[in-house]
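Peer 1: In case you want the letters, here they are:
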Amino acid sequence: MIQQLRKDFLADRSFGLFAVVVALIAIFSILEPGTFPTGPNFESMAFQMSEIGLLALAIAVTMIGGGIDLSVVATGNLAGIVAGSIVTAHAADGTPPGVLVLSIVAAIATGLVVGLINGVLVAHINIHPILATLASSTIVLGFATAVTNASTVFGQGAYSWLGSETIWVVPVPLVVVFLAGLVLTFVLRSSRLGFRLYLSGSNPIAASFSAIPVRRTILASYLLSGALAAMSGLIVLGRTDAANVDFGGSFVLLAILVAVLGGINPYGGEGRLLVVLLGLVAVQLLSTGINTVFSEQSGSNFLKEASWGLLLLVTLAAPAIRSVVSRRSRTSTPTANVSATETPSTTETLEPSEGIALRVSNVSKSFGAVAALTDASLTVRTGTIHALMGENGSGKSTLTKVASGVHTADTGTVEIAGKVLNRVTPKASSTAGLEVIYQDLALFPHLTVAENIYLAADRALPSKKMKWGEANRLARESIDTLDVEIPLEELVADLPVAQKQLVAIARALSTNAKVIIMDEPTAALTPAEITQLIGVVRNLATNDGISFVFISHKLEEVTSLADDVTIIRDGKVVAAGPCADYDIAELARQMSGRDISAAARTRTTTADGSKPVVEFQNASVKGGFEGVSLELRAGEVLGVGGPLGSGRRSLALSLFGLLPLEQGSILIDGQEFKPRNSVEAQRAGIALVPEDRRTEGLFMSRSIGDNLSAASIGHHDGRLLDHSATAERSKESIKSLEIKTSNHQNLITTLSGGNQQRVVLGKWLQTKPRILILDRPTVGVDVGSKEGIYKLVAQLAAEGVAILLVTDELDELENLCDRAVVMNSGRIIEQVSFEDFETTDLRSLVAGKTA
Amino acid sequence: MKSIVSSITESTERVLLAVIVAVLVFFGALNPTVLSVGHFVSISRSAIIVGFLALGVLIVLLQGGIDVSFTAVAVASMYITVTLFQSLESDPGIVVLILASVLVGVAFGLVNAFLIVGLRIPTLLATLGMLSLVRGCLLFFVGTKRIRNELPQSMKDLSRATVGEVTLENGGVIGIHVTIFALLAACVAVWAFLKWSVLGRTIIAIGSNREAAVRIGLPVKPAETFVYAAVGGLAGGAGLLSAALIREADPFSLVGDELTVIAAVVLGGASITGGRGSVLGTVLGVALITIVGGSLILIGVPAKFQTLIVGSFLLLGVALPAWRESRKSRLRGEPRVYRTAS
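Going line by line, the protein sequences match chains A and B. Heads up: the first sequence begins at 2 in my numbering, then just goes up one per residue. Heads up: the second sequence begins at 965 in my numbering, then just goes up one per residue.
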């Protein structure tokens, strides 16, 4: 524990802040030796900082949960007014202790009510926290104004013990602040609520998918914040013996300053409250120091306000400045490398070649000590489709980024459409005719199809005026080349994924691209859409001489589609040549570097013949599926196939409690099961490995261990965490799932895609599920990890877990499943059992080709 | 009936229009004066400053940022300009004064741009820091005195520049202030800029997907710099106009009204995460807030309840779009998960 604290102290901002505190004391003591470093001065500072301290803690707690509470000052004022009114009403009796207690309770309750309102607005009505708390702040102030008629309420001295007494030399309010800080630190560090708050702030969607009650957790952070704000209102009442609506206008800023200075990440998910208290001390020293130095001048308060703003800006600018400085020092040393790529002698020796659209030659690239690419080459012939294959982390994307100028190669050359580039920048490579379409497509959802295409074309930018006519003409031209129908006036946000993909291609064509690199273009498409895409691409290649590079994992697809293939492993090209020279097994072997019998059924059915564990009875979900009935038994692997939009994802989500049924019912062990959220589903023993790992599965700013514990924290522990047991479980998962890492405290981002997927699986296996839903578990996973996942599925089924496997990969259905249902347009159109797989045309059923 | 309701709730502008009509009918029933021409002319005056500021906020929200420093920038630009010409003992005329104030505002805006575009400080926090830095420096270094009598004559004249006099119920005479036309012109200009200029479309593209804008080579940083400079300029102009309208240069004014302006724009359908928003919606949002705020006394609501009622309208204004979004996502069959609001 002590060791951990010492490590934290050095790791984050606390060390720097501590230095700032010492420096401030030294500077002001030298400037004002007579007045600054005196007992009374320090005592008055200690009193002053307590009001802000609680507000800063309040804002910090909400920021950690990914929100912000801007209503804290208003809440504090209202709480002070409530408490003041109660003691004033009983002032004649000399404020008996009972009344004092009552007023405290009423004030805290006021804070909790405002916190509840904020929490409901943010977590349940889903209003942006800035807007929600600003609006509630106005209402709270409005309410206070209406109640007091904008006059001041007095404390009648009842709170002087809180505002002006000291324990030894420490002011009582400061003791309250530090106690609150310690208690909250304990809550955030060691309670289930705290753990969940960090995760919800880090990625609320993944938290919802991890059976964390996100809304309740976020609501709790606003309740805490409201209570803290109310306590600060009581302290103000004690210090000034008065409360009114106008108090502390600038305190919101100050509280945010203290929180951010204390290392709270304004985007959520990170920060420690004890460091916030250190930030508090620094800000108070600065404020008092300025007041002391400028005591003769009027308006030193305004200078103080300015200094707060400046301090906030400097704190936030520090990382940017640091990175600029380090970038300078980095780029200034290896000039030799840059000139190496620019020397004419190296470029001119390579003759631009006929019939070659893209040639990347002998490229090496290192990041620090890690060699991402070693002497890699890629040659794409004009008018062909080229598959670039490799496992995750093999160097495919680095190669792409070198070609497109995102990364500068250490050595090697890039030649696009017969032109050798001297300096490869994104602009230069685009001008030469290379476009990259990334998986996220990089479109503008709020703009029309025509605009999306037009803005990318070189013709738009030099002009100041938006030529809508020309935009439509250009877009029409590009889309006509594709030979598809897409409405030009439609907002891109309203298009289905497949059409978005086509818009991205049309946009690339409008920039006169000669080579288009597409990163996993088929990942989000249905088989029918893939067929259309392939048609479009093939047509452009043959008729217009455009070359395509497909970055892909799907072996079958590649062999049926591409002309040439380049396989890359560990940063080196291990195979290149016409596709016809390779079969699937050979490709798989080259990619992974080992033998994998991809297409052999290894598992035998372990389905338990007894009663079904899960039953869907004529179930429907709005916009998802209709009249679905199916059964799933213990030890059985049930495949759910079908194209995108067939209802397969909705089926998984409804069983996991994330989509309510509109009609029909789900039975678990014969009992009706109506989960309202994933928490209830998890409690029933259900687990879901989601389709989109990055947004739904992982907490990217957290450690591997935190990710592994995300779903099971509620399962294993009570309200308090057992850190050593949690660590033990993480280590076990890492070992049993063969996750490649040295330490469970490493960030999840240090892992490759396949290993990250194992973490998501491990997260759910820690809950010991009886029913496991896998939604396309091998998307974007390398061949080796795929094999591992298949083995795991077989093993879990053998242990009696009921498994629902959503997939569109045929070999997964055939090799893993005991039974398969095929969905289309929200209905089950076919149920096939393992024995009949061979005689059924599963391929076209899954592809969505209805008979 | 159901289809009428849903066709209205589909567009923010229509919802707002319906709410404005409902409010007018309700208030009018309580006190017909609310519906008189004189009353409209009189409250239109208070919409002018909010209107100019709201246009700036709209642009910055469209780009995907947020600016809370604009009130401090407005007041600082105004006060610096007035003090400067006062110390020169000259009155260069209202146009020059406004231009000078706009320029000072642009300068402040460029500082914001440096912090946000150059140093990548989160935009809320950067402008929050600027709010207190600018205001603190103004009050400490420039002055805290309210300037009334020594105000340039051209500013005093502007406050009385009205056309089309109307007689009020209480016998007073009021005219439509000329700056209302300036505001309308500004609205048209901003609308045309957003619709018909490549820069305007680029700003919306950035708010829609910044990463993509960078990748396809749109001039992202210049456009963002322009946005913050423009907000600063609009604020600078609005600051000077506000001093002219009340015939007083008060360094303590405006700051604290940020929320009202931002709320008016959000009420008008702008998304706080960028890409979505319209000039028409903004105008209607400002109109609603002005009508409610300006008519409460007439319908007999005591002054002490006004903040509460305006606050409730703000809450409705931010809750309605949020509620509509989540309803839409439910209809699309999206999973019921918590995601940060837009």
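Calculated directly from the structure, the hints in this document are not laboratory data. Note that beta-carbon positions come from the ideal geometry of N, C-alpha and C, so glycine has one too. Take these hints with a grain of salt, some might be off.
Said to hold, decoys possible - Below, in silico cross-link-like pairs of lysine-lysine (PhoX-like), each with a Cα-Cα straight-line distance of 20 Å or less: (1) B:1159 x A:466; (2) B:1185 x A:428; (3) A:623 x B:1292; (4) A:465 x B:1292; (5) B:1268 x A:465.
Said to hold, decoys possible - Quick partial rundown of chain A residues pointing at chain B, CB under 7 Å, derived from the structure: (6) 465; (7) 528; (8) 780.
Peer 1: Indicate, hint by hint, whether the structure satisfies it.
Peer 2: These are the hints, each one checked on the structure:
1. B:1159 x A:466: 9 Å, holds
2. B:1185 x A:428: 16 Å, holds
3. A:623 x B:1292: 12 Å, holds
4. A:465 x B:1292: 36 Å, violated
5. B:1268 x A:465: With a Cα-Cα distance of about 51 Å, the restraint between residue 1268 of chain B and residue 465 of chain A is violated, given a limit of 20 Å.
6. 465: Because about 6 Å separates residue 465 of chain A from the closest Cβ in chain B, which is inside the 7 Å limit, the hint holds.
7. 528: With a minimum Cβ separation of about 21 Å from chain B (threshold 7 Å), the hint on residue 528 of chain A is violated.
8. 780: Violated. Min distance 17 Å.
Going through the hint list in order, the structure does not satisfy hints 4, 5, 7, 8.
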